[in-house]
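At position 243 of the sequence shown (counting the first as 1) the number is 243 in this note's numbering, and the numbers step up by one without a gap.
These aren't lab readings, by the way, just hints derived from the structure by calculation.
Using N, Cα and C, we set each Cβ at its ideal position, and we do this for glycine too.
Hints may contain errors.
Said to hold, decoys possible - Here are the in silico distance ranges between beta carbons for each label pair: (1) D237 to D157: 42 to 48 Å; (2) E49 to M1: 34 to 40 Å; (3) G183 to R14: 18 to 24 Å; (4) T145 to K12: 49 to 55 Å; (5) W248 to T93: 46 to 52 Å; (6) L268 to S142: 36 to 42 Å; (7) P274 to F252: 20 to 26 Å; (8) F97 to V166: 28 to 34 Å; (9) P96 to V166: 25 to 31 Å.
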Amino acid sequence: MMDRLLRRCRIKSRLFRECLAEFFGVYILILFGCGSVAQVTTSQNTKGEYLSINLGFALGTTFGIYVAKGVSGAHLNPAVSLTLCVLGRFSWTCLPFYVCSQLLGAFLAAATVALQYYDTFLLMCLFTDAIMDFTGGHLTVSGATATAGIFSTYPADYLSLWGGVVDQIIGTAALLVCVLALGDPRNTPAPPGLEPVLVGAAVLVIGISMGSNSGYAINPARDFGPRLFSYIAGWGDEVFRAGHGWWWVPVFVTCVGAFLGALLYELLIGVHHPDSEPEEAEDLTAVLQQTVELDGMQPKFDFFKENGKDGIFSITSADTG
Numbered sequence: 001m002m003d004r005l006l007r008r009c010r011i012k013s014r015l016f017r018e019c020l021a022e023f024f025g026v027y028i029l030i031l032f033g034c035g036s037v038a039q040v041t042t043s044q045n046t047k048g049e050y051l052s053i054n055l056g057f058a059l060g061t062t063f064g065i066y067v068a069k070g071v072s073g074a075h076l077n078p079a080v081s082l083t084l085c086v087l088g089r090f091s092w093t094c095l096p097f098y099v100c101s102q103l104l105g106a107f108l109a110a111a112t113v114a115l116q117y118y119d120t121f122l123l124m125c126l127f128t129d130a131i132m133d134f135t136g137g138h139l140t141v142s143g144a145t146a147t148a149g150i151f152s153t154y155p156a157d158y159l160s161l162w163g164g165v166v167d168q169i170i171g172t173a174a175l176l177v178c179v180l181a182l183g184d185p186r187n188t189p190a191p192p193g194l195e196p197v198l199v200g201a202a203v204l205v206i207g208i209s210m211g212s213n214s215g216y217a218i219n220p221a222r223d224f225g226p227r228l229f230s231y232i233a234g235w236g237d238e239v240f241r242a243g244h245g246w247w248w249v250p251v252f253v254t255c256v257g258a259f260l261g262a263l264l265y266e267l268l269i270g271v272h273h274p275d276s277e278p279e280e281a282e283d284l285t286a287v288l289q290q291t292v293e294l295d296g297m298q299p300k301f302d303f304f305k306e307n308g309k310d311g312i313f314s315i316t317s318a319d320t321g
């Protein structure tokens, strides 16, 4: 009975299915990531610490990828989707749909994290026992009792705006280098099924090594979706004014960093892989020549003169591309 009901819910549109996967994957990522920040912040580091936050986002990324990978490829990051479009590995037409799905997933995940701590709805503003106890009754963006950082990133007091730009470029570039290396079949790709774990490990090491400056957003959806929620939920427009108008850095600069990381990987690693297809073609031609000579036939290799544009070579090229 349940199977029959679930089959009626099946969506035929491939793009719609992929968008749902992106939505749900990002939802899982932010649920665990921002949830870990909420627990550490409201408990004043008695139920977790900075490493707990790093692990929350790393494992959230891992399980988010497992949720979405088989359907959408699990971009879970508008900067990743945009970079893949620039590299010609993803459709520009699908890009806005993926980005909207990722942002919505992050927004609703932030709302879910708040719901775990909030118990009263009042004109779209949510009030939580834990947060209100921690802040003394005020929802604050900065200061010793700031709680807006549960949902989105803010720069440290010592960090200049342009220092934050550099920080996000380097962090996101590092993420893309690791992601492309793990998915490069001509390098040393991740073992099948372990890709999400290793991408999560990359997020973990970025957080451990680069997280203190501004919280290592490295993902526009991860930052803007929850920031928009915090604006609506009572923290007000200061979430966009804080840090000298910091909000645009994790949204736009991360895209620059992602493209830079992809460019570095392709220029330093990707384009230098030896092209094995001509050698394979020569080996196959030699084998066929020996075979026909043994049969006493005159060899004809017109079929192979197109250098892989016909027959088996076109199939091989498509499969390995």
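Status of the hints after comparison with the structure:
no. : hint                     : result
1   : D237 to D157: 42 to 48 Å : violated, 20 Å
2   : E49 to M1: 34 to 40 Å    : violated, 48 Å
3   : G183 to R14: 18 to 24 Å  : holds, 21 Å
4   : T145 to K12: 49 to 55 Å  : holds, 50 Å
5   : W248 to T93: 46 to 52 Å  : violated, 26 Å
6   : L268 to S142: 36 to 42 Å : holds, 40 Å
7   : P274 to F252: 20 to 26 Å : violated, 37 Å
8   : F97 to V166: 28 to 34 Å  : holds, 32 Å
9   : P96 to V166: 25 to 31 Å  : holds, 29 Å
Of the numbered hints listed earlier, those contradicted by the structure are 1, 2, 5 and 7.
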